[in-house]
Structures are given as C-alpha cells and as structure tokens.
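Heads up: the sequence shown begins at 614 in our numbering, then just goes up one per residue.
Be careful, since some hints might not be right.
[Unchecked claim] With a straight-line cut-off of 27 Å between C-alpha atoms, the simulated DSS-like cross-links for lysine-lysine are: (1) K749 x K736; (2) K704 x K622; (3) K701 x K749; (4) K622 x K736.
Think of the hints as simulated: they come from the structure by calculation, not from any bench.
Please read all numbers here as calculations on a predicted model, not as lab measurements.
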Amino acid sequence: MSRLILTCKDLYGNNPKGIIDVSLKHTVLSNSVSTELDADKTLVVNDLEPGLYQIQVFPSHYQDLAYFLRINEGVVTTEREVLAFRIKKIKNINFPLYQTLSNELKQVLSNAKTNVEGLGGQKGAALYNNLDMVQKAGLLNLYTKMANTNLLNGTSVFSYVESLRRVRGDRVFFNVDKALRDGVKNSAQMGLFDDVSGALHTPPQGFRLLESFKTPDEKGNLQLTFFGNAQQEFIVDADIDEASGIGHIIEVIRNIGDRDTNPFDIHQILLQEQGLDTGYRIEV
Numbered sequence: 614m615s616r617l618i619l620t621c622k623d624l625y626g627n628n629p630k631g632i633i634d635v636s637l638k639h640t641v642l643s644n645s646v647s648t649e650l651d652a653d654k655t656l657v658v659n660d661l662e663p664g665l666y667q668i669q670v671f672p673s674h675y676q677d678l679a680y681f682l683r684i685n686e687g688v689v690t691t692e693r694e695v696l697a698f699r700i701k702k703i704k705n706i707n708f709p710l711y712q713t714l715s716n717e718l719k720q721v722l723s724n725a726k727t728n729v730e731g732l733g734g735q736k737g738a739a740l741y742n743n744l745d746m747v748q749k750a751g752l753l754n755l756y757t758k759m760a761n762t763n764l765l766n767g768t769s770v771f772s773y774v775e776s777l778r779r780v781r782g783d784r785v786f787f788n789v790d791k792a793l794r795d796g797v798k799n800s801a802q803m804g805l806f807d808d809v810s811g812a813l814h815t816p817p818q819g820f821r822l823l824e825s826f827k828t829p830d831e832k833g834n835l836q837l838t839f840f841g842n843a844q845q846e847f848i849v850d851a852d853i854d855e856a857s858g859i860g861h862i863i864e865v866i867r868n869i870g871d872r873d874t875n876p877f878d879i880h881q882i883l884l885q886e887q888g889l890d891t892g893y894r895i896e897v
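Could you put together the complete structure from these sequences and hints?
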C-alpha cells in the first residue's frame, strides 16, 4: 500500500484560506477517497492502491484543480499544489505607493503628451492614484512584462515608452519612440517575437494599423500592436494573453463575447509561470 501527502499554498507561498474538498479516484479500480478539510491543513491519505488516480481539488476561495497522478507501490508521494485566486473571492488589492514605483514608470506617468483618456489631464502621482484597481493592475502587469522583455540590442521594450494615452485592465495604449517599431521588427527576425495579425485591434482616430507582434511565451505572452500617422508618430496597443495557441483562440472567442482578459489572472500567470512580480498583492 502507498501514501499520499498533499499540501496547498497560495500564489505567494502562504497558507490558503477557507476549506477544500479533495477527491481521489483510481482510473481502473473502484478505489476512491473524498474528504473536506481546512485549506491550510495537510491531507494525508494512507493505504492507497498503486496506479493512476484522478485528483480533484475544490477550494472555497481559489480556482479548482484537476489532474492525474500516479501512485507507486509502497511509496510516499508528496504533492504541493499552488492555488490560484478565485476572482470573485478577492476582497482587497494592496498596490504599491506611487513613490515606491520605479523611476522609469514614474517618468512615463509624468510625461503625458495628451490627456490620458478619462483622467482629465492628470499626471504623475495624481494620475496613478486616480486609476481604479483594474486599470492600476493592468498598468503594473504591462510595465512588469515590458520592462522584462528585451529586444535584440539588449534594451527593454518599456525603455521606448514615452507616455500613456489610455489605460484599461486588459490593455494599455502608449505613445512610443519610433525606434521601438524597428527594434521589434529586427528582434522578430531572430525569433524573439512572432509576427501576428492585429486585425482585432482598432487604431485611434488619425492613426492606421501597421503590424502586430507577440512574444513566444506559452502563457502570459506580450502582444504589441503598432499604429502610425502621417507625422511619424507611433502608438502601441500593448496587451498580455493568458495563453498562446489554442488557449489564445479561446481567449479571443471569449473577448468577442465582451469578457475581457482579467488583469488579476494575468498577475497570477506572470508570477507563477514567469517569476515576474508585478508589485501588488491579492487578498481573499
């Protein structure tokens, strides 16, 4: 007989809150175990028959998990699962104060060429502090990803950003230096970006769609869609996909149905899949 030891942590390595229901079902035999326990407790299941099990975890405050696990004869199997936050259970978001932001981001917040849409000409700390929590999360997600995405010449994507134009939870429009476009196109030739369709991205008034590029990450990939005008001014519509490939297709279908990518899901993907800390913390 074998033993399974299962512990759960939240995204930040802390003990999770609430309760969890755990179900183990052998895929061949009739053996199954179902139990409920506090989410911060360790589950120990003894006397398991060896074989392949379907494991299902249903937390009260976090997203459900389902996967297959092989239990070997006479072996103690130890599993540590990271629970992703359930968006509807979020109680609070702890954002960094303006003065603690990087100088690079503060400079962009202070450099508004035009009024940031919906924010009445505010700049700097006033602009940052008046973003709602969805906008603020979206901005910090994109800053973190862009600052950690380098071009072929070693400079970061964000180092070419001049100012903000529009901030949403799922995307941000930036005024950018024209050198960014050439830098991304050159980097794409070496596989750092993929050339993709930008047909679903609408240009701002007075601008036209140029091209769109995406990083080849499996999850949390950065898409940069360029718009330009006759005065050689350039805007980037920047967004982060939850997944590439089939996952991205599903995301596009969902977004067409008016459900935008949630920035708090992106926060979790960036931290768990890429080790990128966006600087804010979710509380449930």
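Item to check | Given hint K622 paired with K704 - CA-CA distance at most 27 Å | outcome: holds (18 Å)
Checklist entry - Is the hinted pair K701 and K749 satisfied, with a Cα-Cα distance of at most 27 Å? => result Distance of about 18 Å is within 27 Å: holds.
Item to check | 27 Å limit on alpha-carbon distance, applied to hinted pair K622 and K736 | outcome: violated (39 Å)
Item to check | Distance restraint between K749 and K736, which requires alpha-carbon spacing of 27 Å or less | outcome: Distance ~14 Å between K749 and K736 Cα, so the pair holds.
Going through the hint list in order, the structure does not satisfy hint 4, though it satisfies all others.
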